[in-house]
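Letter by letter, the chains look like this.
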Amino acid sequence: MSATTERVGFFTDTSVCIGCKACEVACKEWNLVPEDGLVWTGESYDNTSELGANSWRHVAFVEQRAPLRVDGDQAALSEDPLRWLMSSDVCKHCTHAACLDVCPTGALFRTEFGTVVVQEDVCNGCGYCVPACPFGVIDRRELPAPDRPGPFAGKADGRVWKCTLCYDRLGGGHEPACAKACPTQSIQFGPLDELRERAAARLESLRADGWNGARLYGEDPSDGVGGFGAFFLLLDEPEVYGLPPDPVVTTRDLPGMWRTAALAAGALVAGVFALYGSGE
Amino acid sequence: MGSNMAENHPVGFQWVMEARERGAQVIHVDPRFTRTSAMATRHVGIRAGSDIAFLGGIVNYILEHDRWFHDYVVNYTNAPVIVRDDFRDTEDLDGLFSGFDDDEKAYDPETWQYAGMDMHAAAGGREQGFTSKSGHAAGEGGGGAALPHGEPPDEDPTLQHPRCVFQILKRHFRRYTPELVADACGCSADEFVAVAEAMCENSGRERTSAIVYSVGWTQHTVGVQYIRTAAIVQLLLGNIGRPGGGILALRGHASIQGSTDIPTLYDILPGYITMPHVGAYENLGHYIDANTSRAGWWGNFGSYAVSLLKAYWGEHATKDNDFCFDYVPRIDQDNSIYKCVLDMFDGSVKGFFVVGENPAVGSSHAKLHRLAMAKLDWLVVRDLVDIESSSFWLDGPEIESGELETTQIPTEVFFLPASSHVEKDGSFTNTQRLLQWHFKAVDPREDCRSELWFYYHLGRVIRQKLAASKDERDRPVLELTWDYPVSGEHQEPSADAVLAEINGFDENREPLSTYKQLKDDGSTACGCWIYCGVRADGVNQAARKKPRWEQEHHTALEWAWAWPANRRIIYNRASADPDGKPWSERKRYVWWEEGESKWTGIDVPDFDEEKCPDYVPPDDAKGPEAIAGNHPFIMQADGRGWLYAPHGLTDGPLPAHFEPHESPFGNPLYAQRANPARQQFERPENPTNPPGSPTYPFVVTTYRLTEHHTAGGMSRSVPYLAELQPAMFVEVHPELAELRHLRHGGWATIVTTRSAIEARVLVTDRMKPLLVDGRRIHQVGLPYHWGSKGLSTGDAANDLAGLALDPNVHIQEVKGFTCDVRPGRRPRGAALPAFVDRMRREAEARE
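Chains as they are written, first to last, in my numbering: chain Y, 827 to 1106; chain L, 205 to 1051.
Honestly, the hints are just simulated from the structure, not real lab data.
Pairwise CB distance ranges, derived in the manner of DEER restraints:
(1) Val646(L) to Asp947(Y): 27 to 37 Å
(2) Asp818(L) to Gln890(Y): 57 to 67 Å
(3) Gly949(L) to Glu968(Y): 19 to 29 Å
(4) Gln1011(Y) to His490(L): 50 to 60 Å
(5) Gly997(Y) to Asp741(L): 37 to 47 Å
(6) Arg1029(L) to Glu968(Y): 22 to 32 Å
Cβ coordinates follow ideal geometry from the N, Cα and C atoms, glycine included.
The task is simple: from the sequences and hints, build the whole structure.
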């Protein structure tokens, strides 16, 4: 694949995810993301727990006493249903990205591929982007950066890190490491328009096969973040996977808030004038 | 069944997912609900160790409901063949076949033969090997019975004769009803019938079904017979030698297939050639005669064996000296690994090479392995990192418990770092028999060296030291061809030169292109006859990397190279009907092209190219010529698929359900509880949990996770893998957790008569309890990756298992044994063996 200025992204089809975590490992290998603790969680086979500065792909494992095909005849296939859903989560590369909106240094930027990337040499670790993300993806790294010089040596890294959609690989004409490593094509990479078409067809065929819980998540450009650059096919409600059902860009109301703030400030000034100005 | 393909073979599993997306039913029958079950169309939970009951139920279902593929069964299998009248089935003898010697705990297979044949005839019968004491039969290649020519003497094509294989089969499996399956396996009769029906519906002319298994089948005391049962199912349904069919053995490592083809096993030579035994043969002629099958491709045994000897000893091997046949080491006893470990324990084995293996964690009864290694004079460990097997003397569990003391261990340990597969050239042979070459990507670091480097230079140095020797016994070593070109700073031998030797060459050192060129007169040399052709035309065929989409057929014959002769499906003549026409257009694969008078298709036909389908061998025909034109199974002496195995197995011509060596249950079918011929070692170091013991009431099974590799040497030391599964855990159902007061996320102690280990508790609905024999039975799941070294450490599940082996292949039963589970961490120090002993005494007292 040659470099493109078309917007690219991921379509993660969880209906074929086998939970191998090759995406997590390939991501860490390629991007030199550090190991962040040998903590056994007891959360099914998930010992990564969440996306963060040191986990840019996270495979969720959801064990439930529920049928895979969520209702109707298909659900009744087994008397004692059990399902184990697996889903590889990643930064959504939102169309309206709040992290980018709030970044005061310009470290976060929109690339020529339509992706959202942190420039590690610009980020000053202010952390404004962290609460701005509606998915809790972007995160500050508390581990020390081994290769930082002088006064930073041995100190907590402090900067924010997240999926870059392998910006460096894209530049070289390669697909991101996680998509490359995925054995079942659960993670598909490509031009976003094409992925949306593929996803719609896939959803249609799954639903025809009785997967009545199947749905797309984040493919709609009219949703609260203007659609994801990395969207998903889920087999049940987003909440089942720990994803927000109706994410909204946290800076949506910012212009309004500024307007309100400006009005309030104006009123205050006017009031002050009224109080003191007129009296003198 | 017996496989967790999604977790342990995730890359291969992409094809299963693709098939599922194209409408295939994926059925997973397994004790646990795994990532494979989560992907399957249907999961059926069964009790660990009950697979033969389940598969036998399918055999019975096929026969009872007349669902077998008539034309395939009558023509391509030994269903019509009549068996001796003194054969007695397990149905007649309540769990024993005829020929069982109760003192030796072994069978004499004489009565299992086809009628009218004497397997002890002077020549032709494959050597039966050791006395029953060692429980071993030689002749891994199968080879077939001593048929005077390709046809068994007595057959009934109507399949009505009461002693024909078909009728014997029917009687043998008659009691394997859906109700019996449900009772023995713990699934419901409906679940079983749904699986049996799906297999039948998806087999026949138009459709095929495949069965995948892994070590969930092999690691039982009756493991080989599990696979035999699958073979019966697939032969009855016509699913062998056809596209989309087969029985696929998924291996535990990247080149396990390769390590049996060019074996690391003690009892075969490359290409499944019998390893000679002490005193068994007077000379080469006798060896060849005894191992040559009158009919089929084992009829050319002499060519394979002589060419191998020429590859070993080159110019020194001449007709006059029997091609150095006397140089081939002889075996005089069972030298399989578990027996060797006991010999180490007893002091008769003094030195040990551990290469790419970690027995202190990965082998059954790992504790016994550590104790045995502590008695060696020397131990060589070659691995990527320092593993438990090289450090047991310093920080092993027995040092902590006081059972071993570092200063008292005489073993001198040599740890030699190995290079990984990306640091060397070589090939992997996968389960499809596909040899795929890989090229070195980077140089190994520091002292790390390839296996090829190690063994070549070890041999070179030994030969140097012996150079002046006039001792007769040193000649086999001094006269070996040991002339591989080396290059680079570290004098790395050429892997390609080794491949050329394996491929073979003629008198002019021109590469051979097929095993059909091999001769028994010393004019050809070939290191492994089945690999002959891998370097045809002097080109490394295994290194071909032309993608499927650039090739004419999906069989992709120009991607790498498959043995034998680049065939992708063996016995593929069975993909055509007896007349040579495809069974259906949909399943077209290999067929007889009438106009050209030859076999053709989208694969290399596994048949004499010009042998027409109506060929009838003359009475004096030998070797491949003695196989009829409508008999696809050309490695068997009768050219047929064996529903019934008259020869080659030590524990019966037919599979029967036996309980695991350790089981909470009696056998629902026979008075004989477990496989009567299983290999047991009754000695104090290897105690058994008493059958049905209330002290050890639960079934335990061990397994691997995607995130780790076998005994962990390659994964627990890698941060990105260790963090994904950072602790040893035990999987239990909520009911069992309640019963034993186990807290999710807390600790549990798992105990057997061998040892006790601790693990974090993972309470999960995936470990479903089953109703077996009217009792609710819990199964306990234990991954076996952990040991005391690496980034992520934990107790080794294999400390719990004992030594009880399959008698055919000496494989341990770790997929189903018994245990107890207690809340909390295990005792430390000397209190640990004391606790294990106390439990054992309690169990004995309750007997």
